[in-house]
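S.K.: Now for the letters of each chain:
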Amino acid sequence: MNVRNAGLSRRAVLRGIGACVALPWMESLAWAMPEAAVSAKPPLRMGIFTVTGGTVTESWVPTEVGALGKMPSVLRALEPFKDDLLVLSNLSQSGRSDNVNAHEHCAFMHLTAADKVGKINGKPFTLVGNKAAESVEQRAARLVSEQSLFPSMEIGLAGGEQKYSYGRDGNIVPYESDPRLVFERMFKGRQMVAPNWKRRAGENAASHPAAAANNYDAQVVDLISDDAKKLSGKLGTSDRHKLGEYLEAVDGIQRRIARTQARLQLEALDVPDPGPSHVMPPDHMPMSKKDSDAILRMLQRNPAAHAEYIRLVADLMVLAFQTDTTRVCTVAVGGDDALFPGVVTVGYENHAHTLEHQGNGSRLEDVDPVSREGCRQIHAWYTQQFAYMVEKMRGIDEGGSTLLDNCMLLYTSYMSNGGHGKENYPVLLAGRAGGTLKPGRHIAYQPDTPMANLYVEMLLRMGDKAGEFGNSRSSSKAAYDGRLPGVA
Amino acid sequence: MLKFAALAIFAILISCPTLRAEQGPADPLNFQRDAWPLLQEHCSECHGEKKKKGGISFTGLNDLASLLGHRDMWLKAKAELLAGEMPPDPTDTDFKPGDRKRLLAWINAKIETLDRNSPVYLDPGPSPIRQLTRAEYNNTIHDLLKIDFDAASAGGIAPEDNVEGFNNLAGGLVTDQTLLEKYFTAADATLAYLFDGDPRRNGKLKAAREALLIATPSKELSDHDAARKVLEKFVRRAYRRPVDAGEIDRLMVLVDASLKTGQNFESALRAAMKPVLVSPYFLYRLEDEESGMGGSPMSSKENHGRAEPGLSSPKSRATMISDHALAVRLSYFLWSTMPDDELFALADAGKLSAPATLDAQIKRMLADPRAHALTDQFAVQWLMLWRLRSALPSRDNFPALTNSLKDAMQKETTLFFDNLRTEDRSVLDLIDSNYTFVNEELAKNYGIAGVSGKEMRRVSLKPENHRGGLLGMSSILTLTSHTDRTKPTARGKWILSVMLGTPPNPPPPDAGSFKDTKQQHTPRNFREKLAQHASNPSCAACHKRIDPLGFALENYDAIGTWREQVGGQPVDNSGKLPGTAAFVGVDGLKQVLHAKQDQVVRNMVVQMMTYALGRQMEYEDELAIMDIADAMKHDDYKFSSLIRGVVMSRPFQFRRAEESAGDEQAAGQTRGHNERP
Numbered sequence: 150m151n152v153r154n155a156g157l158s159r160r161a162v163l164r165g166i167g168a169c170v171a172l173p174w175m176e177s178l179a180w181a182m183p184e185a186a187v188s189a190k191p192p193l194r195m196g197i198f199t200v201t202g203g204t205v206t207e208s209w210v211p212t213e214v215g216a217l218g219k220m221p222s223v224l225r226a227l228e229p230f231k232d233d234l235l236v237l238s239n240l241s242q243s244g245r246s247d248n249v250n251a252h253e254h255c256a257f258m259h260l261t262a263a264d265k266v267g268k269i270n271g272k273p274f275t276l277v278g279n280k281a282a283e284s285v286e287q288r289a290a291r292l293v294s295e296q297s298l299f300p301s302m303e304i305g306l307a308g309g310e311q312k313y314s315y316g317r318d319g320n321i322v323p324y325e326s327d328p329r330l331v332f333e334r335m336f337k338g339r340q341m342v343a344p345n346w347k348r349r350a351g352e353n354a355a356s357h358p359a360a361a362a363n364n365y366d367a368q369v370v371d372l373i374s375d376d377a378k379k380l381s382g383k384l385g386t387s388d389r390h391k392l393g394e395y396l397e398a399v400d401g402i403q404r405r406i407a408r409t410q411a412r413l414q415l416e417a418l419d420v421p422d423p424g425p426s427h428v429m430p431p432d433h434m435p436m437s438k439k440d441s442d443a444i445l446r447m448l449q450r451n452p453a454a455h456a457e458y459i460r461l462v463a464d465l466m467v468l469a470f471q472t473d474t475t476r477v478c479t480v481a482v483g484g485d486d487a488l489f490p491g492v493v494t495v496g497y498e499n500h501a502h503t504l505e506h507q508g509n510g511s512r513l514e515d516v517d518p519v520s521r522e523g524c525r526q527i528h529a530w531y532t533q534q535f536a537y538m539v540e541k542m543r544g545i546d547e548g549g550s551t552l553l554d555n556c557m558l559l560y561t562s563y564m565s566n567g568g569h570g571k572e573n574y575p576v577l578l579a580g581r582a583g584g585t586l587k588p589g590r591h592i593a594y595q596p597d598t599p600m601a602n603l604y605v606e607m608l609l610r611m612g613d614k615a616g617e618f619g620n621s622r623s624s625s626k627a628a629y630d631g632r633l634p635g636v637a
Numbered sequence: 087m088l089k090f091a092a093l094a095i096f097a098i099l100i101s102c103p104t105l106r107a108e109q110g111p112a113d114p115l116n117f118q119r120d121a122w123p124l125l126q127e128h129c130s131e132c133h134g135e136k137k138k139k140g141g142i143s144f145t146g147l148n149d150l151a152s153l154l155g156h157r158d159m160w161l162k163a164k165a166e167l168l169a170g171e172m173p174p175d176p177t178d179t180d181f182k183p184g185d186r187k188r189l190l191a192w193i194n195a196k197i198e199t200l201d202r203n204s205p206v207y208l209d210p211g212p213s214p215i216r217q218l219t220r221a222e223y224n225n226t227i228h229d230l231l232k233i234d235f236d237a238a239s240a241g242g243i244a245p246e247d248n249v250e251g252f253n254n255l256a257g258g259l260v261t262d263q264t265l266l267e268k269y270f271t272a273a274d275a276t277l278a279y280l281f282d283g284d285p286r287r288n289g290k291l292k293a294a295r296e297a298l299l300i301a302t303p304s305k306e307l308s309d310h311d312a313a314r315k316v317l318e319k320f321v322r323r324a325y326r327r328p329v330d331a332g333e334i335d336r337l338m339v340l341v342d343a344s345l346k347t348g349q350n351f352e353s354a355l356r357a358a359m360k361p362v363l364v365s366p367y368f369l370y371r372l373e374d375e376e377s378g379m380g381g382s383p384m385s386s387k388e389n390h391g392r393a394e395p396g397l398s399s400p401k402s403r404a405t406m407i408s409d410h411a412l413a414v415r416l417s418y419f420l421w422s423t424m425p426d427d428e429l430f431a432l433a434d435a436g437k438l439s440a441p442a443t444l445d446a447q448i449k450r451m452l453a454d455p456r457a458h459a460l461t462d463q464f465a466v467q468w469l470m471l472w473r474l475r476s477a478l479p480s481r482d483n484f485p486a487l488t489n490s491l492k493d494a495m496q497k498e499t500t501l502f503f504d505n506l507r508t509e510d511r512s513v514l515d516l517i518d519s520n521y522t523f524v525n526e527e528l529a530k531n532y533g534i535a536g537v538s539g540k541e542m543r544r545v546s547l548k549p550e551n552h553r554g555g556l557l558g559m560s561s562i563l564t565l566t567s568h569t570d571r572t573k574p575t576a577r578g579k580w581i582l583s584v585m586l587g588t589p590p591n592p593p594p595p596d597a598g599s600f601k602d603t604k605q606q607h608t609p610r611n612f613r614e615k616l617a618q619h620a621s622n623p624s625c626a627a628c629h630k631r632i633d634p635l636g637f638a639l640e641n642y643d644a645i646g647t648w649r650e651q652v653g654g655q656p657v658d659n660s661g662k663l664p665g666t667a668a669f670v671g672v673d674g675l676k677q678v679l680h681a682k683q684d685q686v687v688r689n690m691v692v693q694m695m696t697y698a699l700g701r702q703m704e705y706e707d708e709l710a711i712m713d714i715a716d717a718m719k720h721d722d723y724k725f726s727s728l729i730r731g732v733v734m735s736r737p738f739q740f741r742r743a744e745e746s747a748g749d750e751q752a753a754g755q756t757r758g759h760n761e762r763p
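Protein chains in written order, with the numbering used here: chain A, 150 to 637; chain B, 87 to 763.
Be aware that one or more of the hints could be misleading.
As the list claims (entries may be wrong) - Derived lysine-lysine pairs resembling BS3-like cross-links, with alpha carbons at most 27 Å apart:
#1 A:Lys379 - B:Lys268
#2 B:Lys232 - A:Lys438
#3 A:Lys379 - B:Lys319
What the hints assert, rightly or not - Just some of the chain B residues that point at chain A, by a computed CB distance under 10 Å:
#4 Asp236
#5 Asp247
#6 Leu259
#7 Leu340
#8 Ala343
#9 Ala357
#10 Lys360
#11 Tyr367
#12 Ser476
#13 Asp482
#14 Pro593
Stated by the list, open to error - Over the 10 Å line for every Cβ pair with chain B, so calculated as not near, a few chain A residues:
#15 Ala216
#16 Lys219
#17 Ser222
#18 His433
#19 Ala454
#20 Ala456
#21 Arg543
#22 Asp546
It should be emphasised that the hints constitute simulated quantities derived from the structure, not laboratory data.
Positions of the beta carbon are idealized from the N, C-alpha and C atoms, including for glycine.
Using the sequences and the hints given, assemble the complete structure.
M.R.: Printed below as a string of C-alpha cells:
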C-alpha cells in the first residue's frame with residue numbers, strides 16, 4: 150500500500166513533505182471565530198428540557214388564554230417565573246408509524262415532527278416525505294455549529310425506546326447520561342470562565358493570530374481519515390454507508406480541534422476580565438465512575454436520587470450556556486419505568502408506567518382517578534426540577550440581561566399524556582429569546598396545530614432561512630401557514 | 087432474469103433423477119396434490135383472491151416460478167403452522183393434525199429441493215462490516231496488550247442498546263463523533279496504563295511490556311529500527327490480518343517526528359500506537375478484499391465437498407472467506423475477542439479452513455475459558471438476563487429480594503448455560519432438567535434443603551422442588567414481574583419471544599386503558615380483569631396466545647418462590663392455547679414446549695446464527711437453519727452440535743460480495759469463475 154497514490158488528500162501531501170507546522174485547519178480560524186464576536190449582545194441559546202410520560206392535561210393547560218393568572222397545579226412551581234413563560238396549548242403530532250410500539254412512535258416523532266417513523270431491522274427511521282427527518286435541535290446545531298465549542302450537547306436519559314435526536318442523514322444522536330463525562334468533555338484542558346460579551350463585541354477576530362497548535366492529535370486524525378477514505382473505495386454500497394459514519398465522526402473531530410484552538414485563545418482573554426456572573430461547577434458532581442454508576446442505578450427507584458440527577462444535568466445545561474460551551478442543548482430526564490415512592494402519595498402504586506396506563510389514557514371516562522392523581526403528582530414534581538433550572542438561569546447576569554433573557558427554553562414531553570397521547574402536548578417556552586418572544590401568556594391554537602410549527606418558530610430565531618420544518622407544511626393538519634402567530 | 091433462473095432450476099429438476107417431479111405418493115413436491123387442496127380449503131378465505139390478510143395470498147401459484155417466488159410467504163406460513171397459530175380457528179376439526187404435517191412437509195420439501203438447487207442456497211446472505219461492541223473492544227484491548235485494564239470505562243463508552251435482542255448486530259451499532267472521541271480517550275488511557283505504570287510493582291504489566299517490546303534499541307539496533315520491529319507485530323495483531331510495509335511506513339512518520347523532538351523510544355512508539363487503536367481497521371471487523379486480506383473465489387478453493395451449481399446473478403456472487411477472516415469470525419463468535427496466536431498461525435499457514443483442523447479448533451475454543459463469552463454475551467442477551475438488575479419487584483414487597491439473592495439468581499442461569507457448554511449437554515435441558523445451581527440463599531427461596539454457604543453449586547432436583555430448566559429459575563420469573571405481583575402477560579411474552587421465537591406484535595396504541603365496554607361484572611381477580619381486557623377483539627388475538635403461557639407459571643410469585651395460593655385462593659394455573667389441548671401448571675407447560683421441541687430448537691439455531699453473523703436471518707439462511715437443526719437432532723442436541731453447525735454453515739463461511747467502486751473488473755473475473763460450465 151503506497152501512501153502517495155492517486156486521490157491523495159492535500160493534507161497528506163503537506164505531511165508527506167514534512168510540513169507539520171502549516172496545518173490546513175489553521176486557515177479556517179478566521180471564519181471559525183464566533184459571530185458573537187462582532188455582535189453587540191449575548192447570543193441566543195436554545196434549550197430543550199423534555200420529560201417522560203406526557204402530562205396530565207387538565208392540570209397543565211391554564212383555563213384562560215392571554216395573561217397568565219394562577220398557574221394550574223402541574224405548573225404551580227413555576228408561579229414565580231410566569232412573566233418569563235409562554236404556555237402554548239393544542240400543539241399536536243400527526244406522524245404515522247410502522248413496526249414500533251406506541252412509546253417508540255411518540256419518541257421518534259418527538260423532536261423530528263416527522264410524517265412517518267418506524268424501525269427497519271431494529272433500527273429507527275424518521276421520514277418527512279421520503280427524506281430522513283432531522284430533529285429540531287440538530288438543525289439548530291447546524292445553524293450555529295461554528296459559533297461555540299460544541300455544535301450541540303445532548304445530556305440525560307434518552308436511550309432504548311426514547312430515541313429523540315436524529316442527524317441530517319437520519320442517524321441517531323446519542324445522549325450522554327453520565328454527568329461526570331459531560332463535565333469532563335466540556336472542561337478538559339479548558340478554564341471555566343464566563344465570557345465577557347461586552348468586551349468580545351469590541352474585539353476583532355483578526356487580531357488573534359493562531360498560536361502554534363499541538364498538532365499531534367491533528368496528525369492522528371489525518372492518518373485515520375486517510376485510512377478510512379482509502380478503505381471506503383473498496384466497500385460495497387451499504388458498507389460504505391456504514392463507514393461513512395466513521396468518516397463523518399473523524400471530520401467532526403478535525404473541525405473540533407480547529408474550533409478548540411480558536412476558542413481557547415478567545416477565552417484566554419476573558420480570564421483576566423470575565424463576564425459579571427460567577428461560574429461554579431455543579432454541586433454534588435460525581436467524582437468517579439463508581440459514583441456516577443451509583444446515581445444512575447438508583448435514580449429509577451429513588452426519587453431523591455432522581456431529583457439530584459435531574460438537577461445535576463440541569464446545572465450542566467446552565468453551565469454550558471453560561472460558558473458558551475454550546476448554544477444548543479437538550480436535556481432528557483425522567484423515566485417511564487421509574488418508581489416514585491413519596492412523590493406519589495395516593496394509592497399503593499408508584500410505578501410511573503403502570504400509573505400512566507391506569508390513570509392517564511386519553512379517554513378520561515375510562516381512567517382510574519387515583520392513578521391519575523399519581524401521574525399529576527409526578528408531573529408536578531418534574532416541574533419543580535425544571536423550575537430550579539429556570540431560577541438558576543434567571544440569576545445569571547450576562548451584562549445587563551440575564552441568561553434566561555437570552556434563552557429559549559422548551560419544556561415538554563415526548564407524549565402528550567401517559568396513554569401515548571399525540572394531541573395537545575405539554576408545551577411551554579421559558580425565557581425571552583433575546584427579546585424575540587413575548588412571554589407571560591397562554592396562547593391556545595386551534596386543535597391539532599402541528600408541533601412542527603413551534604419548531605419552525607424556534608429555528609427562525611436561531612437564524613434558519615428555510616421557514617419550514619418536519620411536517621409543518623406536509624401535515625394534513627397544517628395550520629397558520631406553518632407558523633405560530635402571536636408568540637412575539 | 088427470474089424467469090431464466092426458474093427455467094434453469096426446472097431444467098435441473100427434470101435432468102436430475104432423484105429430484106424428478108412426479109415420483110409416486112411419497113414425492114413431496116406435488117403441490118397440486120399435497121398442498122393446494124389444503125390451502126384452498128383452510129386458508130383461502132382469509133388469504134385468497136379477495137382477502138389478503140397480513141398481505142398473504144395463496145393465489146396464482148400455477149407454475150414453478152410462482153412457487154419459487156413468494157419466499158417470505160412460505161417462510162411465514164411455515165412459522166405459523168409450526169407454532170400452531172394457523173389456521174386460527176381451533177374448532178376447525180376438518181384441519182387434522184395430519185394435514186398440518188402434510189402442509190409443513192410440503193413447504194419444507196419445497197425449501198429443501200427447490201431452493202437447494204437455486205441461487206438462494208448459494209447466496210450466503212449479507213455480510214455487513216461490523217463494529218466491535220463495547221465488550222469486544224475491551225476484550226480485544228486486553229488480549230492485544232495483555233493488560234487488565236477496563237479501557238471502555240476509562241473512555242466513558244456506554245453499553246450499546248440491544249437491537250432485536252442482541253447488541254452485536256451490525257445494523258444496531260453506530261459510530262458517531264462522541265463515540266469516536268471516547269475511543270481517543272480510551273486509547274490515551276490504555277497507553278498511559280501500559281507505559282506510565284511501574285512494572286517493578288506490577289508483574290502483569292512487566293510481562294505485558296516484555297510481550298510488546300520484542301525489540302529495544304541497542305548499539306546494533308537504532309531507535310527507529312527497534313520501533314519498526316515492535317510496530318510490525320503489534321499492527322498485525324491489532325488489525326487481525328497481514329499488514330503491508332506501506333502501512334508501517336506511515337506510522338513511522340509519527341515515530342520519527344517524535345524522536346526528532348528528543349522524545350525517548352517508548353514515547354515515540356506510543357505516538358504511533360495511538361492511531362492504530364482508533365483506526366477503522368481496529369475498531370471494525372473488516373474482511374478480505376475490504377482490508378486487503380484477499381478472499382478466494384469459491385471455485386478456486388476446496389469446498390467441503392458441497393456441490394456447487396453456478397450463479398449468474400451478480401448479487402449472489404459468493405466467495406469463501408479467507409482463513410484470516412475465518413479466524414476473526416470464529417474468535418469473535420466464540421470468545422468475543424481477537425484470535426489468539428494459534429488461530430493466527432493456522433490462518434497464516436492457510437490451514438484453518440481444512441475441515442478437520444476447523445473441527446479441532448472448535449473443540450479447543452469451546453474448552454477455553456474465553457468461551458464463557460457465549461454465556462456472558464450470547465445467553466445474557468438472548469435470555470434477557472441483563473434486565474434482572476433493574477427488574478421491578480422491590481424489596482419493600484419482597485424482603486427476601488436482597489442484592490445477593492439477585493446475584494445468585496443471575497449466577498444460576500449463567501452457570502446452567504455455561505454447563506451446557508463445558509459438559510456438552512443437550513440444549514433441551516433449557517426446557518427441563520433434573521439439576522440446577524444454587525447457593526444457600528437461593529435454595530431457601532426454592533425450598534431446597536441442605537445447602538449452606540454463599541458458593542453456588544450443582545444440586546439434583548426432585549419433582550417436589552418444582553424446578554428444572556429455565557422456567558423454574560427465579561431470574562426469569564423475577565425479570566418478568568411487577569413491583570408487587572407477577573405479570574403473566576410478560577412471562578408469556580418472554581416464552582413466545584425467547585423460547586419459541588415468535589414474539590407477539592407490539593400492542594395497539596390505545597392498549598392498556600382497560601376500558602369497560604359493556605359493563606361486565608367487577609373482576610374478582612387479576613386473571614378475570616385481564617380476561618375482560620382481552621375480550622376486546624383487537625386485544626384478544628394476541629392475548630389468547632400470550633396469557634395462558636404466563637398463567638401456567640402462576641405458582642411462582644414475583645421473585646420465583648413456589649406458592650399454592652394467591653390471596654387466599656388456590657392458584658389458577660390452567661391454560662389452553664389456540665390449537666392445543668388444555669394444560670396445567672409449569673409441568674403442563676413444559677410438555678407443551680416438548681411437543682414444540684422442533685420449534686424451540688429451530689429458534690435456538692436462529693438466535694445463535696443471528697448472534698454469530700451479527701445480522702438478522704434472511705430467507706437465504708433458511709436451508710442452513712434447517713440443516714443445523716437436523717444435525718443437532720442426530721447428535722442428541724448437544725451444545726457443540728449447535729456451535730459446529732453454525733461454524734460449518736454456508737452463511738458463516740462465505741460472504742456475499744457487493745459491487746464496490748473499484749472492482750468492476752475483478753467482479754467480472756469472479757463471476758467468470760462461478761459461471762456454470
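S.K.: With 10 Å as the cut and Cβ atoms as the points, is Ala357 of chain B at the interface with chain A?
M.R.: Check passed: Cβ of Ala357 of chain B comes within 7 Å of chain A, closer than 10 Å.
S.K.: Starting from Lys379 of chain A, check that the Cα of Lys319 of chain B is at most 27 Å away, please.
M.R.: holds, 23 Å
S.K.: Please verify that hint: Pro593 of chain B, Cβ, nearest Cβ of chain A, below 10 Å or not.
M.R.: holds, 7 Å
S.K.: Does Ala216 of chain A really sit off the interface, with its C-beta more than 10 Å from all C-beta atoms of chain B?
M.R.: holds, 36 Å
S.K.: Should the hint that Ser476 of chain B touches chain A count as held when the rule is a Cβ pair under 10 Å?
M.R.: holds, 6 Å
S.K.: Does Lys438 of chain A sit within 27 Å of Lys232 of chain B, going by the straight-line distance between their CA atoms?
M.R.: holds, 23 Å
S.K.: Decide, holds or violated, for the assertion that all CB atoms of chain B are farther than 10 Å from the CB of Ala456 of chain A.
M.R.: holds, 19 Å
S.K.: Please settle this one: Lys219 of chain A was flagged as non-interface, so is its CB more than 10 Å from every CB on chain B?
M.R.: holds, 30 Å
S.K.: Taking 10 Å as the cut and beta carbons as the points, is His433 of chain A off the interface with chain B?
M.R.: holds, 19 Å
S.K.: Using Cβ atoms only, decide whether Leu259 of chain B comes closer than 10 Å to chain A, and label the hint accordingly.
M.R.: With a closest approach of 9 Å, the Leu259 of chain B hint holds.
S.K.: Can we trust that Arg543 of chain A is non-interface, i.e. its beta-carbon lies farther than 10 Å from all of chain B?
M.R.: holds, 30 Å
S.K.: With chain A as the partner, please determine if Ala343 of chain B meets the hint condition of a C-beta pair closer than 10 Å.
M.R.: holds, 7 Å
In the structure shown, no violation is registered for any of the earlier numbered hints.
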